[in-house]
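Assemble the complex: chain A is given as a structure, and chain B with the ligands must be docked to it using the hints.
From first to last, the protein sequence lines are chains A and B.
For the first sequence, the working numbering begins at 1 and goes up steadily by one.
For the second sequence, the working numbering begins at 1 and goes up steadily by one.
Rather than coming from a laboratory, the hints here were simulated on the basis of the structure.
Given the structure is predicted, the values throughout are model-derived calculations rather than measurements.
Just so it is clear, CB atoms sit at the ideal spot from N, CA and C, and this is done for glycine as well.
Some hints could be false.
[Stated by the list, open to error] Simulated DEER-style distance windows between Cβ atoms: (1) A/A19 x B/G184: 54 to 60 Å; (2) B/L202 x A/K39: 57 to 63 Å; (3) A/I193 x B/V287: 38 to 44 Å; (4) A/V108 x B/G31: 43 to 49 Å; (5) B/P290 x A/E165: 27 to 33 Å; (6) B/F297 x A/E165: 16 to 22 Å.
[Said to hold, decoys possible] Covered stretches of chain A, as calculated for chain B (at least 3 residues, CB under 8 Å): (7) 64-70; (8) 127-136; (9) 218-230.
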Amino acid sequence: MTDTVLSSLNSALHQALSANDKVYLLGEDILDPYGGAFKVTRGCSTAFPNRVIASPISEAGMVGIATGMALRGLRPVVEIMFGDFVTLAADQIINHLSKFRWMYNDQVCVPVIIRTPMGGRRGYGPTHSQTLEKFFLGTPGLRIMAPTSFGDPGGLIFDAIINTEDPVLFIENKLLYPLPLKNMLGDPDFDIISTMDEAPSYYVSIHGAPSASITLATYGYMAELAQKAMYRLAYEYEVFAELIVLTQLAPFNLSSVLESASHTGRLIVMEEGNLTMGWGAEVIARIAEASGSKSIQARRLAAKDYSVPASSLLETALFPGEQDIIRAGLQLTGKQKE
Amino acid sequence: MDNISVYRSLYQIRLFEETVLDNFARGVFSGTTHTYIGQEANAVGVLCQLEESDIVFSNHRCHGHFLAYGGDMRALFAELMGKATGLCAGRGGSQHLHWKNFYSNGVQGGIVPVATGMAFAEKLLNNSNVVITFLGDGTLGEGIIYEAFNMASLWHVPILYVVENNHIAQTTPVEMTLAGNIRGRFNAFGITATELDTSDVLEIMPVAKSITADIRSQQKPQALILNTCRFSPHSKGDDTRSAEFLAEIKSTRDPIMIHGKRLPEEARHKMEQEVTQEVEAAYHKAVNDPFPSLEAFEE
Ligand SMILES: Cc1ncc(C[n+]2csc(CCOP(=O)(O)OP(=O)(O)O)c2C)c(N)n1
Ligand SMILES: [Mg+2]
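Next comes chain A alone, as it looks inside the complex (with noise of 0.2 Å):
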């Protein structure tokens, strides 16, 4: 059977769990036999029966309870149950888990790591769909990681569960899921590298491609979107696109997008989240001050700013797909008109 990326997160959660006899889990309906919403945690209260908390619903109190936790030497492994309720547990994250190492003069470390599914195209309608990280990004003392199907998302929290000293926040898009890990040498289409660092970034280009014209740059779901809309662009419009996926948000590392945008002199950047104030926006902010004199022209491509909908029409319209990647490829490189 080839592994998923549900698979591989959940052998890590197992790993984790055999590895140091500190890590714990903490969920709502994450108990065998149903193993959480998502089966992320399947097996491991079976495997690990006192390791294995079954909370009540209370994100607040259970992402306290986990502060607490770390703050005494443990490492605690939360999962909210659908990334939209992470707005519960706000003030424990801003205002003590991701505070307490730098206001306590770095006499403590706290290594909490809350997991959550985020993202739509589902139909679950506009309180069980969002993508809601941007709310977080930037909060001093909290990392943003977010897995995709390149490399080893189990290996992305394992890595975080076993060695992080400061707080996670680890947003799992549910589309990823299911799909089946990239072949990371040996794709016919695809010349993928790694950065290899302990959150990489994957460039991902088209194999025996001229250098590319365009960067995009994204991370979680839309990477899959992206690589499809690079493909077409290759293949039906002679447009090489380098794309970069990113599997740390925060603190932003932002080198191997300045890199490829510094060459190819067009940027895109895509997110879920809506595009208002969003990760995109602060990419360009970003670039656009490290580029110095030389010019990159970019594009954001988001959700629009509404919420989301159940509708399945309307919720593919909201989200940027590989249409629309595509147009924006297009655009940008003057192959169409705007």
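Just chain B with the ligands now, with coordinates in the frame of chain A:
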């Protein structure tokens, strides 16, 4: 703890806080402060019987808790002045302290699940430590605390919730904010709550001692509700209560006066002079301490 040491602890808090209020106006301190004047018996009565490795999580009104825990006056003064020698090198200020197993944070309610999580961890790690956390009557309006009470009770967490009911939150009397009664809120979660209405430290001490011992041995949360009086303003110069009311509580509910009467006059004076000198020395040291360097911001 003998009577004279208890008095020393009460008196030290009083003098420390008066020094803070007196000097705030002179611009020595910056930011805000919430002094503990009038409530000293609670901190001393509850904390003087802690074990070395027990944990305290305090709130915005934390100076008294910190000093009763055994904290250093100069480091606290310095923290309030934003000095490099402060407990957190000036990063935290008055409401954000950490030293040994003492922590505080200035957001109402949010510390309660964190303290509960600490106690939960101590239990999971098979340590026999107890966590003590303090909350005010006004903070009973924050929903998060009930999530924490629920989990503490469900998971048999060794924590003592100390509610200091000074009957006022900033300017709002408790009658305007609290439906039902405080004990009932704990009882709803199966948490035993003991209530006292006293400013006598010697009434609080034995009760706190036996409750803490029970929490340690039974591994279950409990609450201690302490009805008390705040003499000082909420922060600085922001008291809306009448002069008559303040005079009345100061004459009947002063922990220093109540306990001080038990000591021989001469011994008490001698000790007061000692403490006065210590507070002054700590204050002056802190005044002369350096401010932090900007290295904190280097990447
Ligand atoms: C979440 C939150 N809301 C409001 C405040 C502002 N505030 C600080 S102390 C306080 C009153 C607290 O009253 P109480 O809990 O009774 O404690 P006391 O000040 O009487 O010791 C308020 C409203 C705060 N710090 N945190
Ligand atoms: Mg009060």
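- Query: Going back to the hint list, which numbers does this structure go against?
  - Reply: Checked against the structure, the hints that fail are numbers 1, 3, 4, 8 and 9, while the rest are satisfied.
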